[in-house]
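Asks: Just need the whole structure built from these sequences, with the hints factored in.
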Amino acid sequence: MPRTVDRAQQRRQIGAAVLRLAAEQGLDEVSVRTVAAAADRSPGAVQKYFRSKDEMLTFAAELAGERFEERMAAVDSALPPREALRALVLATLPVDAGRRAEAAAQLAFATRAAHHPGLGAIRRQIDRDVRAALGGWLAAAGHGRGPEPEAECLALADAVIALSDGLALRLLYAPDDREALLRALDRALDALIAPAVPHP
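Using the numbering used here, read the sequence shown as starting at 1 and increasing by one per residue.
Treat the hints with care, since some could be wrong.
Pairwise CB distance ranges (calculated) [stated by the list, open to error]:
#1 Ser42 - Arg145: 55 to 61 angstroms
#2 Ala140 - Asp190: 19 to 25 angstroms
#3 Ser31 - Asp190: 44 to 50 angstroms
#4 Ala184 - Glu24: 25 to 31 angstroms
#5 Arg178 - Asp28: 25 to 31 angstroms
#6 Arg178 - Ala73: 22 to 28 angstroms
#7 Glu24 - Glu62: 18 to 24 angstroms
#8 Glu62 - Arg33: 20 to 26 angstroms
No lab work stands behind these hints, which were simulated from the structure alone.
Ideal Cβ placement from N, Cα and C applies to all residues, glycine included.
Replies: Listed below in C-alpha coordinates is the structure:
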(Lines of atoms letter the chains of each structure in order from A; the text may use other names.)
(Lines give C-alpha, C1' and ligand atoms only; values in the text may rest on other atoms or scores of the structure.)
Protein backbone atom coordinates (compact mmCIF):
# COMPACT_ATOMS: atom_id res chain seq x y z
CA MET A 1 0.00 0.00 0.00
CA PRO A 2 1.25 3.53 -0.74
CA ARG A 3 2.44 5.48 2.29
CA THR A 4 0.01 8.19 3.40
CA VAL A 5 1.57 11.66 3.37
CA ASP A 6 0.45 14.14 6.01
CA ARG A 7 0.22 17.27 3.87
CA ALA A 8 -0.07 19.65 6.81
CA GLN A 9 2.98 18.13 8.50
CA GLN A 10 5.00 18.31 5.28
CA ARG A 11 4.12 22.00 4.90
CA ARG A 12 5.16 22.68 8.50
CA GLN A 13 8.50 20.95 7.99
CA ILE A 14 9.17 23.01 4.88
CA GLY A 15 8.03 26.16 6.69
CA ALA A 16 10.49 25.40 9.49
CA ALA A 17 13.25 25.12 6.88
CA VAL A 18 12.27 28.54 5.52
CA LEU A 19 12.58 29.99 9.05
CA ARG A 20 16.02 28.45 9.55
CA LEU A 21 17.23 29.72 6.19
CA ALA A 22 15.82 33.20 6.79
CA ALA A 23 17.51 33.34 10.21
CA GLU A 24 20.88 32.13 8.95
CA GLN A 25 21.12 33.87 5.58
CA GLY A 26 18.22 36.33 5.20
CA LEU A 27 15.13 36.24 3.05
CA ASP A 28 17.01 37.11 -0.13
CA GLU A 29 18.51 33.62 -0.01
CA VAL A 30 15.11 31.91 0.26
CA SER A 31 14.11 30.16 -2.95
CA VAL A 32 12.49 26.86 -3.85
CA ARG A 33 15.96 25.44 -4.50
CA THR A 34 17.59 26.63 -1.25
CA VAL A 35 14.57 25.65 0.86
CA ALA A 36 14.53 22.22 -0.78
CA ALA A 37 18.19 21.74 0.21
CA ALA A 38 17.53 22.96 3.78
CA ALA A 39 14.52 20.64 4.08
CA ASP A 40 16.38 17.69 2.52
CA ARG A 41 13.91 17.46 -0.34
CA SER A 42 13.97 17.95 -4.08
CA PRO A 43 12.72 21.26 -5.55
CA GLY A 44 9.87 19.33 -7.15
CA ALA A 45 8.83 17.93 -3.77
CA VAL A 46 8.74 21.45 -2.29
CA GLN A 47 6.64 22.72 -5.20
CA LYS A 48 4.05 20.05 -4.47
CA TYR A 49 3.23 22.05 -1.32
CA PHE A 50 4.15 25.63 -2.29
CA ARG A 51 3.83 27.02 -5.78
CA SER A 52 6.08 30.04 -5.20
CA LYS A 53 8.53 31.77 -2.88
CA ASP A 54 5.77 34.12 -1.74
CA GLU A 55 3.59 31.19 -0.69
CA MET A 56 6.47 29.74 1.33
CA LEU A 57 7.21 33.08 2.99
CA THR A 58 3.56 33.67 3.86
CA PHE A 59 3.23 30.24 5.45
CA ALA A 60 6.52 30.57 7.33
CA ALA A 61 5.46 33.97 8.69
CA GLU A 62 2.22 32.43 9.96
CA LEU A 63 4.19 29.56 11.51
CA ALA A 64 6.52 31.99 13.29
CA GLY A 65 3.51 33.89 14.66
CA GLU A 66 1.99 30.63 15.86
CA ARG A 67 5.15 29.70 17.75
CA PHE A 68 5.25 33.15 19.34
CA GLU A 69 1.64 32.91 20.50
CA GLU A 70 2.20 29.39 21.87
CA ARG A 71 5.03 30.64 24.07
CA MET A 72 2.90 33.47 25.39
CA ALA A 73 0.00 31.11 26.07
CA ALA A 74 2.33 28.86 28.09
CA VAL A 75 3.01 31.59 30.68
CA ASP A 76 1.52 30.65 34.05
CA SER A 77 -1.54 32.85 34.53
CA ALA A 78 -1.43 32.12 38.27
CA LEU A 79 1.72 34.23 38.67
CA PRO A 80 1.35 37.62 40.35
CA PRO A 81 0.53 40.22 37.64
CA ARG A 82 3.95 41.91 37.60
CA GLU A 83 5.77 38.55 37.37
CA ALA A 84 3.37 37.28 34.72
CA LEU A 85 3.91 40.38 32.59
CA ARG A 86 7.67 39.97 32.86
CA ALA A 87 7.31 36.32 31.84
CA LEU A 88 5.17 37.33 28.85
CA VAL A 89 7.84 39.77 27.67
CA LEU A 90 10.60 37.23 28.22
CA ALA A 91 8.65 34.77 26.06
CA THR A 92 9.14 37.17 23.15
CA LEU A 93 12.88 37.77 23.58
CA PRO A 94 15.80 35.98 21.85
CA VAL A 95 17.42 34.76 25.06
CA ASP A 96 18.80 31.47 23.67
CA ALA A 97 20.12 30.15 20.37
CA GLY A 98 16.77 28.81 19.17
CA ARG A 99 14.94 32.01 19.88
CA ARG A 100 17.74 34.08 18.33
CA ALA A 101 17.25 32.20 15.07
CA GLU A 102 13.50 32.72 15.24
CA ALA A 103 13.88 36.42 16.10
CA ALA A 104 16.30 36.91 13.22
CA ALA A 105 13.75 35.34 10.88
CA GLN A 106 11.00 37.54 12.36
CA LEU A 107 13.13 40.64 11.77
CA ALA A 108 13.70 39.58 8.17
CA PHE A 109 9.94 39.11 7.71
CA ALA A 110 9.18 42.48 9.32
CA THR A 111 11.63 44.23 6.98
CA ARG A 112 10.20 42.53 3.91
CA ALA A 113 6.64 43.25 5.10
CA ALA A 114 7.26 46.95 4.52
CA HIS A 115 7.17 46.22 0.77
CA HIS A 116 5.11 43.02 0.64
CA PRO A 117 1.36 43.47 1.19
CA GLY A 118 0.73 39.82 2.04
CA LEU A 119 3.43 39.62 4.72
CA GLY A 120 2.42 43.05 5.98
CA ALA A 121 -1.16 41.87 6.49
CA ILE A 122 0.05 38.82 8.45
CA ARG A 123 2.30 40.96 10.66
CA ARG A 124 -0.52 43.43 11.36
CA GLN A 125 -2.92 40.61 12.29
CA ILE A 126 -0.37 39.08 14.67
CA ASP A 127 0.16 42.52 16.23
CA ARG A 128 -3.60 43.02 16.66
CA ASP A 129 -4.02 39.58 18.24
CA VAL A 130 -1.17 40.11 20.69
CA ARG A 131 -2.34 43.63 21.54
CA ALA A 132 -5.91 42.47 22.20
CA ALA A 133 -4.77 39.51 24.31
CA LEU A 134 -2.34 41.60 26.35
CA GLY A 135 -4.84 44.44 26.77
CA GLY A 136 -7.46 41.96 27.98
CA TRP A 137 -4.99 40.43 30.42
CA LEU A 138 -4.06 43.85 31.80
CA ALA A 139 -7.74 44.73 32.23
CA ALA A 140 -8.44 41.45 34.03
CA ALA A 141 -5.45 42.12 36.31
CA GLY A 142 -6.99 45.46 37.31
CA HIS A 143 -4.68 47.84 35.47
CA GLY A 144 -7.39 49.87 33.72
CA ARG A 145 -8.01 53.18 35.43
CA GLY A 146 -9.74 56.40 34.59
CA PRO A 147 -12.88 56.95 32.52
CA GLU A 148 -11.79 54.61 29.69
CA PRO A 149 -10.06 51.61 31.30
CA GLU A 150 -10.19 49.44 28.16
CA ALA A 151 -8.49 52.11 26.04
CA GLU A 152 -5.91 52.65 28.77
CA CYS A 153 -5.09 48.94 28.91
CA LEU A 154 -4.67 48.83 25.14
CA ALA A 155 -2.35 51.85 25.29
CA LEU A 156 -0.36 50.13 28.01
CA ALA A 157 -0.24 46.98 25.88
CA ASP A 158 1.19 49.06 23.02
CA ALA A 159 3.92 50.37 25.35
CA VAL A 160 4.81 46.86 26.54
CA ILE A 161 4.93 45.57 22.94
CA ALA A 162 7.19 48.46 21.92
CA LEU A 163 9.46 47.65 24.87
CA SER A 164 9.56 43.98 23.85
CA ASP A 165 10.31 44.82 20.20
CA GLY A 166 13.14 47.17 21.15
CA LEU A 167 14.74 44.72 23.55
CA ALA A 168 14.46 41.89 21.02
CA LEU A 169 16.28 43.95 18.41
CA ARG A 170 19.03 44.95 20.85
CA LEU A 171 19.48 41.34 21.97
CA LEU A 172 19.93 40.24 18.37
CA TYR A 173 22.93 42.44 17.70
CA ALA A 174 24.21 42.78 21.30
CA PRO A 175 23.64 39.42 22.99
CA ASP A 176 26.47 40.09 25.45
CA ASP A 177 24.36 42.92 26.90
CA ARG A 178 21.66 40.48 27.98
CA GLU A 179 21.92 41.05 31.74
CA ALA A 180 21.94 44.84 31.41
CA LEU A 181 18.98 44.70 29.03
CA LEU A 182 16.98 42.45 31.37
CA ARG A 183 17.65 44.92 34.19
CA ALA A 184 16.36 47.63 31.87
CA LEU A 185 13.25 45.52 31.29
CA ASP A 186 12.61 45.42 35.03
CA ARG A 187 13.05 49.16 35.41
CA ALA A 188 10.75 49.83 32.47
CA LEU A 189 8.05 47.51 33.79
CA ASP A 190 8.25 49.15 37.22
CA ALA A 191 7.70 52.54 35.56
CA LEU A 192 4.89 51.33 33.28
CA ILE A 193 2.97 49.08 35.61
CA ALA A 194 1.56 50.73 38.70
CA PRO A 195 0.09 48.45 41.37
CA ALA A 196 -3.21 47.04 40.17
CA VAL A 197 -6.44 48.43 41.51
CA PRO A 198 -8.20 45.74 43.55
CA HIS A 199 -11.51 44.61 42.17
CA PRO A 200 -14.43 45.70 44.37
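Asks: Look at the Cβ atoms of alanine 140 and aspartate 190 and judge whether their distance stays inside 19 to 25 angstroms.
Replies: The hinted range 19 to 25 angstroms holds for alanine 140 and aspartate 190, with Cβ atoms some 21 angstroms apart.
Asks: Note whether the CB distance of glutamate 62 and arginine 33 lies within 20 to 26 angstroms or breaks it.
Replies: Given range 20 to 26 angstroms: holds, Cβ gap about 22 angstroms.
Asks: May I ask you to test the hint 25 to 31 angstroms on the CB atoms belonging to arginine 178 and aspartate 28?
Replies: 28 angstroms Cβ-Cβ, so the 25 to 31 angstroms window holds.
Asks: 18 to 24 angstroms was suggested as the range; check whether the CB atoms of glutamate 24 and glutamate 62 agree with it.
Replies: Given range 18 to 24 angstroms: holds, Cβ gap about 20 angstroms.
Asks: Take the C-beta atom of serine 31 and the C-beta atom of aspartate 190, compute their distance, and say whether it sits inside 44 to 50 angstroms.
Replies: For aspartate 190 against serine 31, whose Cβ atoms are near 47 angstroms apart, the range 44 to 50 angstroms holds.
Asks: Take the C-beta atom of alanine 184 and the C-beta atom of glutamate 24, compute their distance, and say whether it sits inside 25 to 31 angstroms.
Replies: The hinted range 25 to 31 angstroms holds for alanine 184 and glutamate 24, with Cβ atoms some 28 angstroms apart.
Asks: Indicate whether the distance between the beta carbons of arginine 178 and alanine 73 respects the range 22 to 28 angstroms.
Replies: The hint (22 to 28 angstroms, Cβ to Cβ) holds, given that arginine 178 and alanine 73 are roughly 24 angstroms apart.
Asks: Against the range 55 to 61 angstroms, how does the distance between the Cβ atoms of serine 42 and arginine 145 compare: consistent or not?
Replies: Holds - the Cβ-Cβ distance for serine 42 and arginine 145, about 59 angstroms, lies within 55 to 61 angstroms.
Comparing the model with each numbered hint stated earlier shows that all of them hold.
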